[in-house]
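Note that the sequence shown covers residues 1 to 163 in full-length UniProt numbering.
Please keep in mind that the hints were generated in silico from the structure rather than gathered at the bench. Hints may be right or wrong, so weigh each one.
[Said to hold, decoys possible] Once the Cα atoms are required to be at most 27 Å apart in a straight line, the calculated DSSO-like pairs of lysine-lysine come out as:
hint, residue 1, residue 2
1, K161, K137
2, K137, K149
3, K161, K149
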Amino acid sequence: MSSSSSSDPTKATSSVDPSLRPLHEGLFNAGLAVRRAVVGDAYVDRALANGSSEFSRPGQELVTEFCWGYAWTRPGLSRRDRSLLNIGMLMALNRAPELAVHVRGARNNGLSEEEIREAILHATTYCGVPAGVDAMKTAEAVLNDMAEKGEMARELGNKSKDA
Numbered sequence: 001m002s003s004s005s006s007s008d009p010t011k012a013t014s015s016v017d018p019s020l021r022p023l024h025e026g027l028f029n030a031g032l033a034v035r036r037a038v039v040g041d042a043y044v045d046r047a048l049a050n051g052s053s054e055f056s057r058p059g060q061e062l063v064t065e066f067c068w069g070y071a072w073t074r075p076g077l078s079r080r081d082r083s084l085l086n087i088g089m090l091m092a093l094n095r096a097p098e099l100a101v102h103v104r105g106a107r108n109n110g111l112s113e114e115e116i117r118e119a120i121l122h123a124t125t126y127c128g129v130p131a132g133v134d135a136m137k138t139a140e141a142v143l144n145d146m147a148e149k150g151e152m153a154r155e156l157g158n159k160s161k162d163a
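Modelling step: build the complete structure from the supplied sequences, incorporating the hints.
Shown next as structure tokens:
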């Protein structure tokens with residue numbers, strides 16, 4: 001049951017029932033396209049390359065097929081709305097690394113810095129101040145990184161007048 005002998009991490013390679021392989025490949029390919037559009041090629045390439053051992057490859061396939069190929073391609077919510085939801089959920093779960101990925105995705109999906117900040121502040125009232133402080137630090141670091149790389153101009157990056 002060898003699962004990842006392929007050297008191309010952008011292909012679905014796990015051993016599955018051969019009759020189901022086209023379904024898996026379809027979800028994987030749809031998910032890969034959405035994943036790249038939302039969080040960027042560099043992140044996806046890194047995630048797939050780092051998750052390409054026989055042990056971890058099925059996890060990357062699950063994320064790509066299920067999260068990105070199933071959930072993110074469903075009708076009813078825009079990518080922008082899904083990004084907004086993810087900010088609150090990942091903050092509530094205290095998952096800073098994934099929150100960082102999805103803050104970048106939120107910007108790519110059209111959320112402004114103000115909307116990201118307000119989502120964090122709103123979720124803070126339900127998740128608690130420590131979660132809000134951590135999320136704010138994570139989001140600010142991502143936004144600064146994106147600005148330093150020329151991916152965006154900071155909207156709210158100046159020192160506060162009240163500070």
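Here's how the hints hold up against the structure:
1. K161 - K137: Roughly 19 Å between the alpha carbons, so the hint for K161 and K137 holds.
2. K137 - K149: holds, 18 Å
3. K161 - K149: Distance of about 26 Å is within 27 Å: holds.
Going through the hint list in order, the structure satisfies each hint without exception.
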